[in-house]
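**Student:** Make the full structure from the sequences, and use the hints.
There are 2 protein chains.
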Amino acid sequence: MTVLVVGSVALDSVETPFGKADDVLGGSATFFSSAASLLTPVQLVGVVGSDFPVEKLEPLAARGVDLAGLERADGQSFRWRGRYRHDLNSAETLETHLGVFSRFSPKIPSQFRNAPFVFLGNIDPRLQLDVLQQVDRPKLVACDTMNFWIQSRRPDLLELLKHVDMVTLNDGEARQLSEKVNLVQAAKWIMDCGPRHVIIKKGEHGAFMFNRDSIFFAPAFPLEEVFDPTGAGDSFAGGFIGYLARTGDLSESNMRRAVMYGSAMGSFAVEKFSTERLMSLTRAEIDARIRELRQLVTFEEELPA
Amino acid sequence: MTVLVVGSVALDSVETPFGKADDVLGGSATFFSSAASLLTPVQLVGVVGSDFPVEKLEPLAARGVDLAGLERADGQSFRWRGRYRHDLNSAETLETHLGVFSRFSPKIPSQFRNAPFVFLGNIDPRLQLDVLQQVDRPKLVACDTMNFWIQSRRPDLLELLKHVDMVTLNDGEARQLSEKVNLVQAAKWIMDCGPRHVIIKKGEHGAFMFNRDSIFFAPAFPLEEVFDPTGAGDSFAGGFIGYLARTGDLSESNMRRAVMYGSAMGSFAVEKFSTERLMSLTRAEIDARIRELRQLVTFEEELPA
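So the sequence lines, in the order shown, correspond to chains A and B. Just so we're aligned, residue 0 is where the first sequence starts under numbering that gives the first Met the number 0, counting upward by one. Just so we're aligned, residue 0 is where the second sequence starts under numbering that gives the first Met the number 0, counting upward by one.
The hints are simulated quantities; they were obtained by calculation from the structure and are not laboratory data. Zero decoy hints are in this set.
Okay, the calculated bits of chain B under chain A, using three or more residues with CB under 8 Å as the criterion:
1) 80 to 92
2) 177 to 186
3) 193 to 205
4) 222 to 235
5) 255 to 261
6) 285 to 297
Glycine included, every Cβ here is placed at the ideal spot set by N, Cα and C.
**Tutor:** Written out as structure tokens, the structure reads:
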């Protein structure tokens, strides 16, 4: 089954302790698509400026990402410049130029409107709501958000939460949104706003999936070298939603598997700059990492005496 | 099999957002024993002052903790006063009075010297080394440490590491000791100093067990209420070493189970002040939490097509 993703397509310039990259592919929709397209067909809706090197998107198109919803607008593309220090935990934003993204108004092409899986990347919740007006009863809608919208668009975000099945956000965002320090309490608070499933991403500390009556935890893969953390969260979402769309199965046991695909994709994303590692990835490598993640947490209970 | 623990026995005064407790049982050897004695016999070596309310230790003795190695010295007992803010992540130390603990020189009673399992709680590494001179070829020696000793007694600590099988420390301590930010690299560095096993405790984010050729990860139990984090790490160590001693089995698969007992004990310890919850705990409650922890991370791999 197909996934529709709406989000940013950007040019990132990143410095890490291991090197720097200028004007490389970035943006939530880009990372999401790079991961999800390894598993299922993807339809992308976003906007780039007239300066965007569209040939950089050709490998994505070759892998089954339908770019018919990628608008080219007059003006500059969304550019982000950031730096990671030694601990790689948090990005320091040096420059943000929204460019044409500041006037983004998603238009879902008619042939995308019946996508069974929809991922609303991190954009203004008013736009996320607008997208939901344009699509035709998807099987599953998930959304992401960020601290800026939680602070500046709280009523719209709360309205959005009434209309989505699932929200993905990081631990800091979950705490900010719920005003609860404890993550179990935070997840319950968010589920009370509407979503049946809350995914809380904790970066190198793994991710929780909270459902109405269960909690699942996926570890992060313990990498010896983390090269560039940019895009890990959107790659996680791409692996997770991509796997759900590929299987079309929303049972608890399948959603647990899907979270592991999310964790795997997040771990690959950080191994190189931009989407480089995701674009070179093979199905065999993904399967191997899923098995390694399983081995990481496997223990046998004691046999009864 | 019996575990010998050497460490502090203290009186803690703790403030949390949920209440305060004055002069309650604390100290590394106390928390360790409270957890380990649920699983196996324990021999404790430590020191208290002439002011110590020894009747507080009677429940421990009743549960099989041999206090023959608890010295009573003239002077004040070790007292710690601390406070946890809203996020409960890090203790703010308000007062530390080492009292008789500042002159502690562990003397291992002759009947304790052949204990097959030895846990060297967080004390001066010179004293930890001295304990190893007094014991008779244990099956397994584990040690803990802290930032203060890593900074002030580095050469002694490195010498100690040559003589222990396992070290338990938190993520910050592992980074400080190894001068590596990445925990996989930090663990390898520490194993290169001697220990075959390194346990890195990450509090609410779970714990890693690094062996020469494998990594195991145990999640922390996602509690909805964390009451008082004091002693979680020593309770973890008590559950872990206690389970190894109970089973006498140092295979990888059994060590993985042991880490889960550590995680379970750490999660119980934080549910109430001091050792209160550990002292009321039943074997059935422990087993139930182990099953819940297993359920938290269980997923089935996809069946082959």
